[in-house]
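Top to bottom, those sequences are chains A and B. One point on numbering: in our numbering, the residue at position 495 of the first sequence is 495, and numbering is uninterrupted. One point on numbering: in our numbering, the residue at position 159 of the second sequence is 897, and numbering is uninterrupted.
These are computed hints drawn from the structure, not numbers from a lab. Watch out, some of these pointers could steer you wrong.
[Claimed, not checked] A few chain B positions that, by computed beta-carbon distances, are all more than 10 angstroms from chain A:
| id | residue |
| --- | --- |
| 1 | Lys769 |
| 2 | Asp788 |
| 3 | His798 |
| 4 | Asp806 |
| 5 | Arg808 |
| 6 | Lys848 |
| 7 | Leu869 |
| 8 | Glu873 |
| 9 | Gly878 |
| 10 | Asp884 |
| 11 | Thr891 |
| 12 | Val901 |
[Said to hold, decoys possible] Straight-line C-alpha distance at most 25 angstroms; calculated SDA-like pairs for lysine to any residue:
| id | chain 1 | residue 1 | chain 2 | residue 2 |
| --- | --- | --- | --- | --- |
| 13 | A | Lys308 | B | Thr814 |
| 14 | B | Lys886 | A | Asp687 |
| 15 | A | Lys465 | B | Gly898 |
| 16 | A | Lys465 | B | Pro877 |
| 17 | A | Lys319 | B | Glu838 |
| 18 | A | Lys648 | B | Arg809 |
| 19 | B | Lys886 | A | Lys46 |
| 20 | B | Lys886 | A | Lys308 |
| 21 | B | Lys886 | B | Ala796 |
| 22 | A | Lys57 | B | Gln779 |
| 23 | B | Lys752 | A | Lys308 |
| 24 | B | Lys755 | A | Gly275 |
| 25 | B | Lys755 | A | Asp687 |
| 26 | A | Lys689 | B | Val810 |
| 27 | A | Lys319 | B | Gly898 |
| 28 | B | Lys886 | A | His325 |
| 29 | B | Lys769 | A | Thr357 |
| 30 | B | Lys886 | A | Glu287 |
| 31 | B | Lys769 | A | Gly275 |
| 32 | A | Lys465 | B | Glu838 |
| 33 | A | Lys465 | B | Lys769 |
| 34 | A | Lys689 | B | Gln823 |
| 35 | B | Lys886 | A | Gly134 |
| 36 | A | Lys689 | B | Asp847 |
| 37 | A | Lys319 | B | Asp847 |
| 38 | A | Lys46 | B | Ser740 |
| 39 | A | Lys319 | B | His762 |
| 40 | A | Lys648 | B | Leu792 |
Ideal placement from N, C-alpha and C gives every residue a C-beta, glycine not left out.
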Amino acid sequence: MLNRVQKTDSRIENIGWEGKTLRQMLKESDDIFERTGHYQGLKDLKIRTGQPILYEKIFSHLRGGLVNARSTALNISASPIVKEIGELSFALYTPEGESVALSTGIIVHVHTMADAIKYMIRNNYEQNPGIAPGHVFCNNNSMIGDVHTADVHTLIPIFWENELIGWAGGVTHEIDVGGIQPGSMCYGHADRYGDGLLVSAELVGTNDLFHEDYLQRCRDNVRAEMYWVLDEKTRLTGCQLVREQVYRTIEEVGLDTYKAFIREAIEEGRRTLVGKVRQMGFPGEYEAPTFIDLPWKNDETVHPLARKDTMMHAPLRMKITGDGHLGLSFDGANQWDYHSFNCAPSPMQGAMWVQLTQTLWNSDKINDGAYYATSIELPKGSWCNPDYDKVSTTLTWFFLIPSFTGFVRSLARSYFARGYLEEISASYPCTWNLLQGGGINHFGKPSAFTNFEISCQGTGAAYVKDGEATCAAMWNPEGDMGEVETWEHLEPLLYLGRGRKANTSGAGKYRGGCGAESLRMLFKTESQILFSAGEGHVFASAGVFGGYPGNSGYRHNVHHSNMKELAANKAPYPTLDGDPENSAISALVKGDEVFDLNQMTGPHPFGEYDLYASVQRGGPGLGDPLERDPAAVAADVNGGELLERFAKPIYGVVLTRGADGRLAADVAATRAERAAMRQRRLERAVDAKDFVARERERVLAGNINAPVRAMYQSSMKLSSRWAAHFRTFWSLADDFSF
Amino acid sequence: MSVSHDINTLRELKDGKLSFEKLHGLISGFKDADRFDKMVQIWQESVEWDDPILLPLAEHLFVVRKPDGRRVVKSTWGYEYCEAQENWKLHAKVFVRDTEELINEIYPDKLGCDPEWMQLREYYDPLSGTLLEVEVVPPGYPIVHDFKPDIDTFYRDWLGRPVP
């Protein structure tokens, strides 16, 4: 026990190993990897090969401590995002900031906290403000290392005698961050100055206690101050539990063994990922671009600099080389802009990391070895690596989530080539609609909220089965919608209903999992500012092998509704919107209706009894829909997941209604219909070369809508390679531009 | 750990007939190093032509070796698209959903895309009319080359044998 050092009143000089500074250690670590290709130059994993049981025991100790820290700490939080949805995680790091092991939870942040630690080391925090036992650091600056402002890190150094032996880190997602508008990810402002409370890798506590002036600053600067402060305590407690487990482990196995283990664990991680790529990947080049729309030209609630229609371009390319290296590139991405959807490299790394945990390396042993086995190219000046560090990043996810869907589809092509059909997924849908906002709530208090039903989208179709309904988010595989009653306690919006949404599944031989929708009514509040977020004019994910994307979103709200009268008269009212071509809202409610594809809106005012429809997404499909089992199509219609009128045009299935009222597929008629549909397809299709010639004329004439044209212009300006690709494909002159 | 699966299990996997318990076992267990060769054998059994399959490229598409040594992309129904390194889509039939009416054949109004911003390009096999890929891109976007495999490296460096 004597060697534990948790508190100090004096600074320790050179806290690295063997009298080195942390900066020296980090530089040496980077140099030796560059020179040898092995983390810390390790060619032999002596504990792992010589004492494998001890190696696994140490890992289990640390992993168990991290999971326990998360499970214990979340009970300190009052925020439903943390307590119910589980938006927190903890990780253990080396002195240089590489993750060794992690808890369950929202593990997208494991590498972003690594970036924050490395930032502190590179910026000489060891000297000023000092890194000492009992210190507490906080960060939510994504330009340093984070995804976006709402994700707040706590980082504590772990000392043994006079040496720093590692770091514990924890992260939670905050309900409100004190932005210019309420909500944890508000947007509509032009730059960082509207993002809210920014804590840039700051020393916020000593002797294991938060500085009172820091906590007061938080209370003064955020709306949901109780949640913020309790979450600070949640994260610090978790970090202290992790530190305690590290001490217990060292006391059992000795300091030297612990130090050797954390090095070996990361090198093992690197080798594991390279091995996985060679085992399940296929060398070659993959292309999977995605897009998302930002229709703000006519949205008067957003800043004038942001008031335009924009299309995001994420031209993802994946390359697997013969030595098992997996590299991603976004070369060709268009420029950053005056909105809140820009990404720094740290969130992009975090996104790649969290996708690896759900695809190639779905093991509890994943750590920053993955970082050393992969690479990612992010063009400077683009939305994923802005050359202006005051960009707003409150909702980086809006561009980031679609941009990585192509990664999963590219891996699916690898798995198909290698024969691992059971691993194939048509990718994930985006996690929208995002409802957030605030105002004077139903308790008469100023407040803010962010609804996390988005944690439950339909999953992509697999090669051998349909996707699962309403259960997952790309950023947290442990999806949970949260209880309706809990959200109603926090938000002054009643749930008129929550249910599955027909025709959200992407069609295919196997369809995507079904999406959900909720219908909310403002109640016991005079007014609220509400945001909605999601793609509306485009599909932000795609299907694979002939499967279609899941649904795009839309906006359907009613202002100044007659819901109060309907309730007083006990008249029918809508519980869901349902089929948008036969909308229950439009049929039953009178008022000022907003019903369009502008799903992504700035902060719009709403009043009591106004209605707000929140439509989530279904997963993308896989394979030709005409190859789907006709009985499965009938089951989808009977189950309310497919509107009856689409069974024939999408799936070629002829349905007949039985005496029990249920529909069944007429197998013979379906076979004939499908044969006729295949013939019709060929009759109305053209040779690809004819399509290319026709589309080339459209490009030459510039007959393309303004945001798409601007997207092409921006991508061509930022990337000469992409410009050459575009001009070569369409046989355009070398100096062609729009 | 060395693992190998019975070829009938893999046939059932391909056909979607594997029980959930067996499927779960395949997903959660160690991967079988001989999977590639067994799956190529299964795919070869599933087609009526004799050109040897070098690589399953995508659903219903294969890279095969022709008698003259060329590597060609070929469909289940025998349509030969192009050399392996080319983009097969440039040799397919394509149908573009670029109007609201055509998009609404698949999606109820408001759940699909706006044709001004995005179109659905459907690539069909010219012999069978089977839908092989749906591309969702804005107007004017170059046709996407989904996968350009490095077959030589795979056989030589990863399997340790020459390309058949």
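Right, here's what the structure says about each hint:
{"no.": "1", "hint": "Lys769", "verdict": "6 angstroms, violated"}
{"no.": "2", "hint": "Asp788", "verdict": "21 angstroms, holds"}
{"no.": "3", "hint": "His798", "verdict": "8 angstroms, violated"}
{"no.": "4", "hint": "Asp806", "verdict": "24 angstroms, holds"}
{"no.": "5", "hint": "Arg808", "verdict": "18 angstroms, holds"}
{"no.": "6", "hint": "Lys848", "verdict": "4 angstroms, violated"}
{"no.": "7", "hint": "Leu869", "verdict": "4 angstroms, violated"}
{"no.": "8", "hint": "Glu873", "verdict": "7 angstroms, violated"}
{"no.": "9", "hint": "Gly878", "verdict": "5 angstroms, violated"}
{"no.": "10", "hint": "Asp884", "verdict": "6 angstroms, violated"}
{"no.": "11", "hint": "Thr891", "verdict": "4 angstroms, violated"}
{"no.": "12", "hint": "Val901", "verdict": "13 angstroms, holds"}
{"no.": "13", "hint": "A/Lys308 with B/Thr814", "verdict": "47 angstroms, violated"}
{"no.": "14", "hint": "B/Lys886 with A/Asp687", "verdict": "22 angstroms, holds"}
{"no.": "15", "hint": "A/Lys465 with B/Gly898", "verdict": "34 angstroms, violated"}
{"no.": "16", "hint": "A/Lys465 with B/Pro877", "verdict": "32 angstroms, violated"}
{"no.": "17", "hint": "A/Lys319 with B/Glu838", "verdict": "36 angstroms, violated"}
{"no.": "18", "hint": "A/Lys648 with B/Arg809", "verdict": "38 angstroms, violated"}
{"no.": "19", "hint": "B/Lys886 with A/Lys46", "verdict": "40 angstroms, violated"}
{"no.": "20", "hint": "B/Lys886 with A/Lys308", "verdict": "37 angstroms, violated"}
{"no.": "21", "hint": "B/Lys886 with B/Ala796", "verdict": "11 angstroms, holds"}
{"no.": "22", "hint": "A/Lys57 with B/Gln779", "verdict": "42 angstroms, violated"}
{"no.": "23", "hint": "B/Lys752 with A/Lys308", "verdict": "48 angstroms, violated"}
{"no.": "24", "hint": "B/Lys755 with A/Gly275", "verdict": "30 angstroms, violated"}
{"no.": "25", "hint": "B/Lys755 with A/Asp687", "verdict": "36 angstroms, violated"}
{"no.": "26", "hint": "A/Lys689 with B/Val810", "verdict": "19 angstroms, holds"}
{"no.": "27", "hint": "A/Lys319 with B/Gly898", "verdict": "21 angstroms, holds"}
{"no.": "28", "hint": "B/Lys886 with A/His325", "verdict": "16 angstroms, holds"}
{"no.": "29", "hint": "B/Lys769 with A/Thr357", "verdict": "17 angstroms, holds"}
{"no.": "30", "hint": "B/Lys886 with A/Glu287", "verdict": "9 angstroms, holds"}
{"no.": "31", "hint": "B/Lys769 with A/Gly275", "verdict": "12 angstroms, holds"}
{"no.": "32", "hint": "A/Lys465 with B/Glu838", "verdict": "30 angstroms, violated"}
{"no.": "33", "hint": "A/Lys465 with B/Lys769", "verdict": "20 angstroms, holds"}
{"no.": "34", "hint": "A/Lys689 with B/Gln823", "verdict": "17 angstroms, holds"}
{"no.": "35", "hint": "B/Lys886 with A/Gly134", "verdict": "53 angstroms, violated"}
{"no.": "36", "hint": "A/Lys689 with B/Asp847", "verdict": "31 angstroms, violated"}
{"no.": "37", "hint": "A/Lys319 with B/Asp847", "verdict": "38 angstroms, violated"}
{"no.": "38", "hint": "A/Lys46 with B/Ser740", "verdict": "23 angstroms, holds"}
{"no.": "39", "hint": "A/Lys319 with B/His762", "verdict": "29 angstroms, violated"}
{"no.": "40", "hint": "A/Lys648 with B/Leu792", "verdict": "37 angstroms, violated"}
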